[in-house]
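A.B. asks: Chains as they are written, first to last, in this note's numbering: chain A, 1 to 292; chain B, 293 to 582.
A few of these clues could be false.
Straight-line distance between alpha carbons at most 20 Å, and here's what the computed SDA-like set of lysine to any residue pairs gives [claimed, not checked]:
#, chain 1, residue 1, chain 2, residue 2
1, B, K440, A, L44
2, B, K463, A, L127
3, A, K58, A, I35
4, B, K523, A, L44
5, A, K197, B, V313
6, A, K227, B, A578
It is worth saying that the hints were derived from the structure and are not from the lab.
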Amino acid sequence: MLKSRRNEILVAAMLVAPFIAIYGWLFVYPTVQMIRLSFTDAPLIGEGAWIGLENYVKLFTDKVYRTAVWNTSYFVLLTVIPGTAVALAIALVVSRLRGYAQSLVLAAFFLPYVLPVTVVYLIWNWLFDVQFGILQSVIEPIMGQPVNVWRRIPWFMPTVALVTIWWTNGFSILLFLAGLRNISHEIYEAAELDGAKRGQVFWKITWPLIWPVTVLCLTIQLILQLKIFDQVYLFSLGGRTAQTMVLVQYIFDQAFVHNDGGYGATVAVSLFIIVVAFSVLQFQGLRARGER
Amino acid sequence: MTATTAEVSAGEGRTLRFFDVGSVLLTILTVICALIWFFPLYWALITSIKPEDEVVRPFSGLIPENPTLNGYIYVITHSNIGIWYLNSTITALSITFLVVLMGICCGYAISQLRFPGRMALWWIILASFMIPVPALIVNHFIIIAGVKLLNTHLGIILPQLIAPVTVIVYKQFFDSVPRDFREAAVMDGANEFQLLFRIFLPMNWGVTTALAIITFIGAWNAFLWPFLATKTEDMMTVTVGITEVQDTFGVAYARVLAGAVMAGLPVALVYLIFQRRVTQAIMLSAGIKG
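Just chain B, same shape as in the assembly (with noise of 0.2 Å):
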């Protein structure tokens, strides 16, 4: 009995004292591997800063020499950038709030709701996940160009609300209400839209932030449809017009990644101040409820 007992606590030192170097080591190693990973990153950021001159140079450094602004300055002079940043806020927020409110209020109406044609519909959102939207994008053309919407704020928009995911999603966290929390309320007189507003919405917040942030990154990130539907300088998102900056520019990496830092930035940003939601997002766009 006392044999088994010390062989077993000896067992254990072994592991332990083994995990130990073996998690140092490893622990080294992942941290390392996030460096590398980083490091492209890091470098478009110190290359942004440096003067141009110094980024030509073989063995440019780690740390630049002399930071300098000029290529942000020269970016923020020489291009658009001002409209389209404006461009891109304008769109990708009425994106986010369109697509939002489309969620919850298709979401309320297939969770809470009897109405004829309501499977059919539910049906037709689950299939529509299947769907791939880049090959839509010669129809989308004809559609927006139809309207006269091409190279518009409303025509950038338009194609990017198809979103079944979200009012998959709400009608998920509806469906999980409390059927009492219903029965109390409409007792007290209220009537759908309070119902929807004023209880399974505020119940919801979370999912809603969440929701909002990966479709507004989304938004922001979009390439191919705002590339395809603006003609101008003037209309193009952030997200498509810093490629233009390359072309004017030539061989200047600091300005180009001036460009490239100032796109990516709002992203980073709404990521680094939000990342838990972004987290709990991803896993509710992948069919995993966090």
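Only chain A is shown next, with the shape it has when bound in the complex (with noise of 0.2 Å):
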């Protein structure tokens, strides 16, 4: 019995060993030298001195890191409660569609979301470009010119936003089709013959028993969007990159263009504290879920 009670703990130990290894070497690791970097004055690569609160302080007077910050939050706001609330009225049309029909339109709202970035980036770009977007054809005639859309600052958030929120929000849709299909039919017949209208069955039965799932997404996509960086920065690219900046981007800005680690390593733990707060949140939301 002993015996086998070691053999036991041999195998878990060959089964979790690589697992842990990589957890171990670039997970926790990695996690514990980016706060001991955000200490120093280090650059990207080699030692630098140990230099206690300096760069906590920079962040409270740094122009851009407080545009960075402005920039993200903005960017959640505009993605994150709009793409919900288009998500759960594309689900709730599409719900309707039986069989063939609603796998043909499912398709074309999903399509986008499996595309790497660099794809989207390229495809928006053109239909937005100044000279020959066909998009400028409905730009034109409310603004009486082309807009370069990537280049003015009061347009960039928006239409990142708007080309994010066309890019990710299948995955959405596809959560609140499964909470759609899991309410019974039943519910929706005894209203029907109570006379229900349809604005009163939305309502008073859709709406509240598709609420967890509207909390679910609301929280992924809050967590998604505050790590948002690839599509800002292709979009930016050849602009004028401090007035659009956001976190994860100003974390690369710092390390990787500036050759200043200790600094990016900074703005990394506060994205870092940032996150894991939402995330706990997240995750009470999550176990109330699970327990009820």
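With the hints as a guide, bring the two chains together.
C.D. replies: This is the structure we're talking about:
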């Protein structure tokens, strides 16, 4: 018995060893190192001197950092709630369709989600091209002239948010569809017998029953969009990046462009704290959902 | 009594008729929305098979007048897209294989075996969900540079192996395998590895396929890390490389979009072929058991 117990531990060790090795080396260790690095003035590669809280003090006076925090929040605001609302609306209309028609329509909404960000960037860069972009024929009548949306600061974030919603909404749509499918037909039939109007059915039945999925979508999107980098970086290429900066981009900018690893790590720690704080909230929410 | 029945059926008739007109309108609206949503992809596809002079002509049509594959031929002959494809395939398949294998092994150990530190490991994995990987780029770069793996396939692969979701999903699925299966197999003298690869894994083939597909799509699409880890064009993945196509080609949208179509095609096809599995994988990763 004792031998088989020892054997079990040995087998377990063999099974978890590769995972623990990778996790320790590329996850736990860099997390600890990131915090250590944030107290130094090290370049990207090489050692630096310990400078205490200097980097953190700098955060509070750094204008570009403030812009990055603001832009990230603005981007979250522009994508999370509008994106989730659009996803719910699409899921509601798609769920009415059946069989082949539903798969086809759903594929149209979901396909962008599986594409690489650079493909999305190239497509929308073309659609909005100042000279030849087809969307300028929508913008021009309204604005009176073509607008270079990637170079005009007020246009930048909303346009990137629009592209992001187009790109990533398939995920939320799928979650909502699953949620809608779980609502029993009997409830709808009963409501119909009672003569409930369509609006009433939505607000009195669907909305409260779909609420847990809505919360799930909102929190997943929130944490995802706080880590925004790819689209903003690509669309701002060649532009005034200091004004369209977001947090992850600022880590990249400080560490890789300005070779200031220490300060880059400090920005990373601040992002880390923000994301962990929101994740704890999400985790509490999920746990509450699981216990019910 | 008769009056009530008549009233109910009249009411039903009314809602039915109302539903018909409303339904048809709503369905048409849905289809229009789907077409609008799909339009950017269609437009990219169409642009990629137009000659360059037709692309920049005002009011260029929805159907190309002189379809041509010149854009594709140009990208294939004037860029490293073949090598990028190879790099993407090597890295994405390696990441998929390793992530799924580690998920299987670790998930099985946590679910079925009793060993010291088991719960601690489980909590660490759950907690690691919260850690934003993009925040670690600086230190990933330092680590990978330290072992001289920058600009290599292994260097691109390593930091992408962090996937707590896979372990969590497998642990949950292995938990739900009835205890009897295990006991019967142990009676027959099966060891743990046989149990895992002969019984537990085949029982969850669907999960494995779903996770493998979504991991592959994620690895193929990864941008930030492969972008940082590659220095030379011949080590880039397709996802990173096609932005180079734009830099070198200038305003030549047919070529640029031909590159984009080629980069997106593998993942789009994977999705269209395995639509159901992708849906399942999304549900699994969001914590909804499908």
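A.B. asks: State for each hint whether it applies.
C.D. replies: Consistency of the hints with the structure:
Taking the CA atoms of K440/B and L44/A, the gap is about 15 Å. The hint holds against a cut of 20 Å. At most 20 Å may separate the alpha-carbon atoms for a hinted pair to count; K463/B and L127/A exceed this at roughly 45 Å. Taking the CA atoms of K58/A and I35/A, the gap is about 16 Å. The hint holds against a cut of 20 Å. Distance restraint check for K523/B and L44/A: the Cα-Cα separation of roughly 15 Å lies within the 20 Å cut-off, and the hinted pair is therefore satisfied.
Note on K197/A and V313/B: the hinted pairing holds, with a Cα-Cα distance of about 15 Å set against a maximum of 20 Å. For the suggested pair K227/A and A578/B, the alpha carbons sit about 18 Å apart, so the restraint of at most 20 Å is met.
Hint 2 from the earlier list is the only one contradicted by this structure; the remaining hints agree with it.
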